[in-house]
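If you read the sequences in order, they're chains A, B and C. For reference, each letter of the first sequence is one residue, going 0 to 351 in numbering that gives the first Met the number 0. For reference, each letter of the second sequence is one residue, going 0 to 351 in numbering that gives the first Met the number 0. For reference, each letter of the third sequence is one residue, going 0 to 351 in numbering that gives the first Met the number 0.
Derived from the structure by calculation, the hints contain no laboratory data. Don't take each hint at face value.
[Said to hold, decoys possible] Listed below are several chain C residues computed to face chain A (Cβ distance under 8 Å; list not exhaustive):
1. 22
2. 140
3. 201
4. 283
For every residue, glycine included, the Cβ atom is placed at its ideal position computed from N, Cα and C.
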Amino acid sequence: MPHLSLSELAGRIGAELRGEGARRVSGVASLASAAPEHVAFYANTRYLSELQRCAAGAVIVSEEDASRVPVGAARLVAAQPYVAFAKASALFHRELEVARGVQPGAWVDASAEVHPTAAVLAGAYVGPGARVGARTTLHSGARVLHFAQVGQDCILWPGAVVRERCLVGDRVILQPNCVVGSDGFGFAFDLEGEGHGPMHRKVPQAGIARVEDDVEVGACTCIDRATLGETIIGRGTKIDNLVQVAHNVRVGSLSLLVAQCGISGSTELGQGVVLAGQVGVIGHLKLGDGARVGAQSGVARDLDGGETVSGSPAIPHRDWLRLSAALPRLPELIRQVRKLSQRVEELERERK
Amino acid sequence: MPHLSLSELAGRIGAELRGEGARRVSGVASLASAAPEHVAFYANTRYLSELQRCAAGAVIVSEEDASRVPVGAARLVAAQPYVAFAKASALFHRELEVARGVQPGAWVDASAEVHPTAAVLAGAYVGPGARVGARTTLHSGARVLHFAQVGQDCILWPGAVVRERCLVGDRVILQPNCVVGSDGFGFAFDLEGEGHGPMHRKVPQAGIARVEDDVEVGACTCIDRATLGETIIGRGTKIDNLVQVAHNVRVGSLSLLVAQCGISGSTELGQGVVLAGQVGVIGHLKLGDGARVGAQSGVARDLDGGETVSGSPAIPHRDWLRLSAALPRLPELIRQVRKLSQRVEELERERK
Amino acid sequence: MPHLSLSELAGRIGAELRGEGARRVSGVASLASAAPEHVAFYANTRYLSELQRCAAGAVIVSEEDASRVPVGAARLVAAQPYVAFAKASALFHRELEVARGVQPGAWVDASAEVHPTAAVLAGAYVGPGARVGARTTLHSGARVLHFAQVGQDCILWPGAVVRERCLVGDRVILQPNCVVGSDGFGFAFDLEGEGHGPMHRKVPQAGIARVEDDVEVGACTCIDRATLGETIIGRGTKIDNLVQVAHNVRVGSLSLLVAQCGISGSTELGQGVVLAGQVGVIGHLKLGDGARVGAQSGVARDLDGGETVSGSPAIPHRDWLRLSAALPRLPELIRQVRKLSQRVEELERERK
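Chain A with its partners taken away, still in its complex shape (with noise of 0.2 Å):
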């Protein structure tokens, strides 16, 4: 882990320094956790009370919150001060180091292409006619199954899974046990069935699943292949755990998928759509560029770009803090209605 000057820091992370520049920084650390050898990063209120005790020799933060550094420590002031941070922790950031090559152990077929750069960690898995590309880490039980390629610098943790066909670009991080190109749920109710009743017919899943460049699949996380043609996540593309893409799906560049979301089939994500923890979308919609979706939310129509919206069924955003708001009134509120009913029968009575 390299020590650095505060001036030279700043310098790579594209911040100001307020501070003595001669002074050398080995890591970063939380708030709560930092010494006087660490950079920390403030940003949220929640936090101040830790920003005002912290020991750190710097804190990265944004110009409106400079002041709040105590006097002890440095200001790297940043216009994006998260972008800083994220800098700042790469630079110290110690990547795993695995042995290269396939290493004993290692199940390569004759017929794949492994890259020498490439690391292929016992236990792991590269099958007929896969190809697997330079500096890419296959850890323990990491699988590439037939004719899958998967890219360049990537990391496959543990358990990942990319079934047969499948293609996963460049810099792409599968965390464990994720799944890339699993069946979709396609089955065709068939009342006649084969003789034995009813069935559920299943639709050959005969597409593939497309990983773009610099994804990153969260741990247990699951994207089918389509049933015909490509289901597709976007350059860039950042997906959390436990959640689901469903055969068919496009999903455009930049977007982010939170925990525990779920797209059904054949929708259509935009660029830089969010969708926050535990949304579900139903199938066949388009959701716009930058279109934002709110944690718990039910989208039943297509969003507009832009557009931000929550609830189940979503409603725009706005219109669903306000409508959360009321929602507890409303045991009152049919209880005032009873007694406004009973006010207007009297003054009708009364008028007779």
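On the provided structure of chain A, position chains B and C as indicated by the hints.
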């Protein structure tokens, strides 16, 4: 991949051909990507414009939609168009071929019984006393633990786990990283514990999970073993990805459990029950044959056969539709009632 | 499986025997399937008819329910009946026995330390510098990565992953395909990127996940490592299947996280917190000791100790019960208010 004449295809998928019977096709394709050598499928008006521009040699449709197919394409008119499409797709589909037998790099315990026609690929595992039936495929990383049994013609994709003593029928498909027979969530809160204060005391999950014939289990779906006896997934039921089936649950035959839904312990589902995506069902309930639950709903009471419910807590679907339409009007309603109350007050004041 | 006399059994499970002490039983069974050699358990009135027809030799019950046990069966009356049942079941339960030591087909790095009494089965993996404690079992496909530590008496089922440097205590059970230490979902949106337009810049997830003693982690559950420092699952906490625990989360001891719930980043749960199924909790919150959250709820604010909430967004449970009962009446309420408004109009018109 075989080439078939349209007249032969029509016969094999149970459709009526309207068009040139001698024309030959070699596969299925989506409306948007089909070429003259392809058969496409149309059923959803969302895709009407794709249909109109479609270059397919033939389109599978219902009688009602037959007239919408463009002039250049033959019509394959079917009573169950999606079933006919499933059959057509299956005719042209080439299943992934794998080497038969226990392959190098597979691990089969000496006391296990694996049928000679089964395929156990490198990195697959069959534990002591376990049995694997004829023509079943265990992909790399599929695991059948101690004394578990898997029937004939099954496919266990990478990472699929069948825990000890569990039973899997014939023609079952286990998608990657699904789990059959994990321990149920059974703990007894013990105020006394074992001398170190209170504890959640584990209730042994001594039962098994039984997956009947023709079931499909989605990727990362979890089917817990029973506390005592059996958790059962009935014949022909299809389960999507990331579904939770708790201990002692019984799911009847031909049911559909869509992605990310969850069924709590000891609940029983009848035949042909449909749980849409992200549905939750609490424990110890009975859902009658053909009950249907809308997406994201929460079921907290028994359902009659054929009942259709939505919402959380779930109410009859028709009521839920009205409720959903009414909900966004609540904030305005509160204002109306306030004004109405003022007007009534005014009237009351005047009358005095 | 041992045979025990009822008097011996009563002593070992802390119950008071009412019945023939010399009668011998050999196992536990459900009310419906119990034979005279079995002990059954009753607590839920849903199963009263099963109790009445029960053929068990003895039934574990509370004092209040003791009179409901049919005449033929002995009563084992306990202050904590479910605890007594858990103890009885454990007495008769035979844990799966596996061969000890590093088995053929297992992969243990030369620099790893595996206790000689541990069992590492074929297809399990222990990476460089990792440590595995006494009597711990790693089933086929369990993986303990570089420099991770797993304590004594643990069971890691197939596909369970403990990523690099993470810490797992003693007596921990990791169900199949769960993940400890996946990367948190940390990205800084960088408008400038690296010369190819905007990007989500990965924030290194440099921390670890720590799973304390006596924790159980459900199948396909994901516990992300911290961005910095530790994600912590406190002693004795039990986590069900398909649960998401995001980076930097801290869960106190003896909490229960039911299936498919999710906790967003940096949120802290106290001791004995209960999240029911499919609950979502947003980030940076504090949930006090003993807080309880009803199924499918969404928690968007801090909770006091002992607070019980439901709904999305969550409100006090009592209010939510009233709200849930009131909700279906909203469409009718809107009609009522419309009519009332007309009546008031009428009155206003008349008064002129």
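request  = Against chain A, run the beta carbon of residue 22/C and see if the smallest gap drops under 8 Å.
outcome  = Violated. Min distance 47 Å.
message = Just to be careful: measuring from the Cβ of residue 140/C to every Cβ in chain A, is the smallest value less than 8 Å?
response = holds (6 Å)
request  = Go through the hint on residue 201/C and say holds or violated, using the shortest Cβ distance to chain A against 8 Å.
outcome  = With a closest approach of 7 Å, the residue 201/C hint holds.
key: Interface hint compliance - residue 283/C to chain A, C-beta minimum distance less than 8 Å   = At about 5 Å, which falls below the 8 Å cut-off, the nearest Cβ of chain A leaves the hint on residue 283/C intact, so it holds.
Hint 1 from the list above is the single one not met by this structure.
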